[in-house]
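**Q** Residues per chain are reported as follows:
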Amino acid sequence: MSQSFRLDNVGMVNRNKKISFTFNGKKYFGYEGDTIASALIANGVHLVGRSFKYHRPRGFFGVGVDEPYAILQLERNNERDPNIRATEQEIFEGLEVKSVNCWPSVNFDIGAINNFLKMFFPAGFYYKTFMWPPSFWYKIYEPFIRMAAGFGEASIKHDKERYEHKYEYCDLLITGSGPSGLASAYAAAKNGARVILAEDKPRYGGSLLTSDVNIGNQTGVEWSEKIITELKSMSNVIVKNRSQVFGYYDHNMLVMSERIGDHLPKTQKYLPKQRLWYIRAKEVLISSGSIERPLVFGNNDTPGVMLSSAAKEYMKVYGVLVGKKPLIFTNNDSGYETAIEFKKNGVNPLILDTRKEPSSDIISEAKNLGIEIKFSHVVVAAKGYKKVKSADIAKISDNKKDLSNIENIECDCICVSGFWTPSIHLASQSGNKSEFNEKIDAFIPKKSKQNENTIGSANGKFTLEETINEAFDKGYEVSNKITENNNKVSLPTVVEKKSTEHDKFWCVPLPKGKSYKRFLDFQNDVAVTDIELALREGFRSIEHVKRYTTLGMATDQGKTSNLNGLQLVSDIENKVVPQVGHTTFRPPYTPVSIGAIVGREVGKHSKPTRKSPMHQWHEKNNAVFVDAGVWLRPRYYKQGNETLFEASKREAKNVRKNVGVCDVTTLGKIDVKGPDAAEFLNRVYTNAWLKLPVGKARYGVMLREDGIVMDDGTTTRISENHYHMTTTTAQAANVLSHLEYYLQLVWPELNVNVVSTTEQWAGAAIAGPNSRALLMKLFPNTDVSNEGLPFMGYKEADLFGIPTKIYRISFSGELAYEVNVESDLGNFMWEKIIEVGKEFQIQPYGTEALSTLRIEMGHVAGSELDGRTIPHDASLEGLVSKKKDFIGKRSLSRSAFTKPDREKIVGVVPLDKTTSIPEGSYIVKDPNAKLPNPKLGHVSASCWSVEYDNPFSLAIIKDGKKMIGQKLFAMSPLKNKTIPVEIVSSHYVDPEGKRVRA
Amino acid sequence: MLYIFCPHCGSRSQNEFAYGGDATVKRPELNKEISDHEWDKFVYLRKSPRGKHLELWHHISGCRQWIKVERDTSTHEIFKTYKATELIE
Ligand SMILES: [Zn+2]
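Protein chains in written order, with the working numbering: chain R, 1 to 998; chain V, 1 to 89.
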């Protein structure tokens, strides 16, 4: 199709670069710099979608972020992007877009039947229609609503595009590059402030791009180009286009989304598609401008009805005519600018002005150009289904109640102007209350809440002179506050046409006998009748009316609808608008892609990965890894076709029979130093620490103040005032914070310092009956005999010349040692252990075998110390001192913790000695008892005992000690299993603990 | 996101800190006999005021010091921040 609505030599698009794209599968041409909207209008296309509720035909209403209609779905390199505004998305070669909300096609849409069934879709229809019977919800209502609703379909494929986050600090952030944004940025930058100027559109200048004004003897466009060029050259200024500041958060942090690659066929190398800026600004100037208000009349949602300012921008920026027989319907002077622009381009408009006898510079100019104007006239209703074909117009009485002389006139577009609404969204997000300004019939920000000021038309200043003067002053004032410089730039002279007051009339009454739909919210299909109904049904608060009718709740957040809705409520209620108040604006101002919010934190970048110094050795030796918090730990070392079960059994057996080595680098390690270290540990742990000699380790349990076990581990006295504490892998960070809390806040008088040394040490646990023989070969110069290095002993030694720390501690229940060297030497240590251990049949073992070994020994770990257990529950009461006080001790005497039938850890063995018990199973007396079956407790950990070659589990059950010997049942409703079991001691292997002391 | 002044490091974004609750709670002294009620009050009962609140923040990704922050819980205004042991009038 040819671009039959394109003007010659008008506008700012690049005529030298023709671009093809497809819309609903059909190919169209436009120029570089066009949006989808401008290119489609140039091709005479006005039907682009269907409305949300009634599926009425939808065209274009605006030219930017306020667009309520033209929401499309973009397809790009096999990716889908829903909720794209056609008025914002620039075209690029090969762009594919399609309509949403219509099926099977935009021209013939089945859902449009809703339009004729509208008695079923009154205000609050969600709450009324789909309620009964309840069973209909899943089968009928929900699938129906899902098929009919929504603005497009998100892709379920992985998004291959890159999104970035950026943090920036500045003196002054300015949101919008219209006249007030440019002037204030210029004044502040010249005064030495570090400025960020953000513009949502590709082109800078805002209203200057389309207004017929003169600043400092230049046109608005020339002046804005000059200012932008100069700002860009300054090192203290960041200027960004295609960048929307969408959120104003606490402590002057604003978030901006920069669309870097959205307008390009392919994202540039080294550049992300979008970038999210977190900007902490000392001061903010909100120069977000204003949005034209619609006028309300019959069928005012028909394609071809649009904002008059949009029609003007399509002509001046894109060189596109929105129609060739335009009707301008206005209650103020702005409509005249559009009419004059049409006339200049050889098109004859007709102006309908609701006012009786206005006069101003611009009205005179229109008259002089020979434009036909009908005063005291209104559009009663637009005619035409998929596009405006004509309009019923009428004369309106002075009291604006009665219509007369209704006639039908031909037209192909209706450009409406109901005056201007300041965009106060960011100010409102900042916490600013707003006040109603009678002069402009709109809200403006009242008093700054944070370090922010609103300027220009966003602040209700609608003449250029006012705007520019205010902006220069504010830019200077704010920058002076920060930089204390006094460089003032001189004000340029401003020439503009004077305009006169607007008419407070905005909603055309219905002629007798007619029931045209008059829409307020174009995206959510909220009509005048819906608001009237809501009020009749008793809704009063504007917040309730909003939610009941969905007015202003669409993706455009009511940018064009809110104020007219308020006006209507206040008219019906006979209140003034300020009494009605307006709803709160919340971020984001415009929709933000999920990709931008997530940024780079996807996949393996969503959290850091920690690896031990021996990681490469594990990889080379077929380790299968498991996530342990952010650490990667070998779960087992696969030999041949072994399964996890087979491999872990082999590894555990080898520990019991010969010797094994396990990477324990991930254990948390904390250095505790200072003259009061012993006293501190004595308060932190439940057991006694004052008498631990140098060179000895002790197992300790620490509680939270509520008596629940927080963590366990061994701590070794390295020297008089130096202890080496170990924590579980999972709790390492929490334990450090816990210790710091008590040292800094509760007992600051204790002279102790703590620091994490987890990453400083590489650790290997050597466990099994052959471990001492291996140690003797590894450390020939050190006495590691049972007398030289007894159980819970500590020694420093050298391993082939490297300083090493040996702790004789055991988690596996075997004779065992933990050997630590500096991290950098971890791999050397590991390889030496493996090499020297060969003759003792050493094998590495992973976390699965480690679990098996500890479970059958009855040693507790995270699955028992799960944030619900006290020491008694885990059979650790022997470690609880009766003599001294410690963190959490007072809680242990709470009645719930001292009940005689309190839970206790036990062992569980299946009667058939073959069926493994799923972890998480319930222990019950009678599997057939009436539901809910009273449960005695749960299975916390399961393994295959390598000692006895049968399944073994740990469980925490009520009155556990008395249950030993009883035959009960383990039930797993999830796995649909009921297993007869016997309760045994949790110490299944070596209950006397002879091996560790051997 | 709050901008918190750490008395040791300067102003830093909230994401460097961990919240630590009411800073006016005082742990009962060690080895002191106290009633169940008093202990429960210390462990569990916290006020949730609207307005000024003295609270603990841990500069966990910074200097690792616990600090006290006087903040308005409804406006998020931060009036003053203190070192852990600083005297507060
Ligand atoms: Zn700090």
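Because the hints were derived from the structure by calculation, they are not lab data.
A hint or two may mislead.
DSS-like, lysine-lysine: derived pairs with alpha carbons at most 30 Å apart [claimed, not checked]:
| # | chain 1 | residue 1 | chain 2 | residue 2 |
| --- | --- | --- | --- | --- |
| 1 | V | K52 | R | K883 |
| 2 | R | K282 | V | K32 |
| 3 | V | K80 | R | K883 |
| 4 | R | K447 | V | K80 |
| 5 | R | K889 | V | K41 |
| 6 | R | K673 | V | K47 |
Computed, partial: chain V to chain R, Cβ under 7 Å [stated by the list, open to error]:
| # | residue |
| --- | --- |
| 7 | M1 |
| 8 | Y3 |
| 9 | T24 |
| 10 | W39 |
| 11 | V43 |
| 12 | H76 |
| 13 | Y82 |
| 14 | T85 |
Only a predicted model underlies this, so the values are computations on that prediction, with no experimental measurement involved.
Quick reminder that beta carbons are idealized off the backbone N, C-alpha and C, glycines included.
**Q** Quick one, is the V/T85 hint okay against chain R at 7 Å, beta carbons?
**A** Hint holds; V/T85 Cβ to chain R Cβ min 5 Å, cut 7 Å.
**Q** Is the hinted pair R/K447 and V/K80 satisfied, with a Cα-Cα distance of at most 30 Å?
**A** holds, 24 Å
**Q** For the pair we were handed, R/K673 and V/K47, check the Cα-Cα distance against 30 Å.
**A** Measuring from Cα to Cα gives roughly 36 Å; hence the hint is violated.
**Q** Is the hint on V/T24 kept, meaning its closest Cβ partner in chain R is under 7 Å away?
**A** violated, 12 Å
**Q** Would you check the hint for V/K80 and R/K883, treating anything up to 30 Å between C-alpha atoms as holding?
**A** Distance ~42 Å between V/K80 and R/K883 Cα, so the pair is violated.
**Q** Any CB of chain R closer than 7 Å to the CB of V/M1?
**A** holds, 5 Å
**Q** Please verify that hint: V/W39, Cβ, nearest Cβ of chain R, below 7 Å or not.
**A** holds, 5 Å
**Q** May I ask you to test the interface hint for V/Y3 with respect to chain R, counting a Cβ-Cβ separation under 7 Å as satisfied?
**A** holds, 4 Å
**Q** For the pair we were handed, R/K889 and V/K41, check the Cα-Cα distance against 30 Å.
**A** Distance ~15 Å between R/K889 and V/K41 Cα, so the pair holds.
**Q** Taking the least C-beta to C-beta distance, is V/H76 closer than 7 Å to chain R?
**A** holds, 5 Å
**Q** Can the hint on V/Y82 be confirmed by a CB-to-CB distance to chain R that is less than 7 Å?
**A** violated, 11 Å
**Q** Is the straight-line distance between the alpha-carbon of R/K282 and that of V/K32 30 Å or less?
**A** Distance of about 50 Å is beyond 30 Å: violated.
In summary, the numbered hints that this structure violates are 1, 2, 3, 6, 9 and 13.
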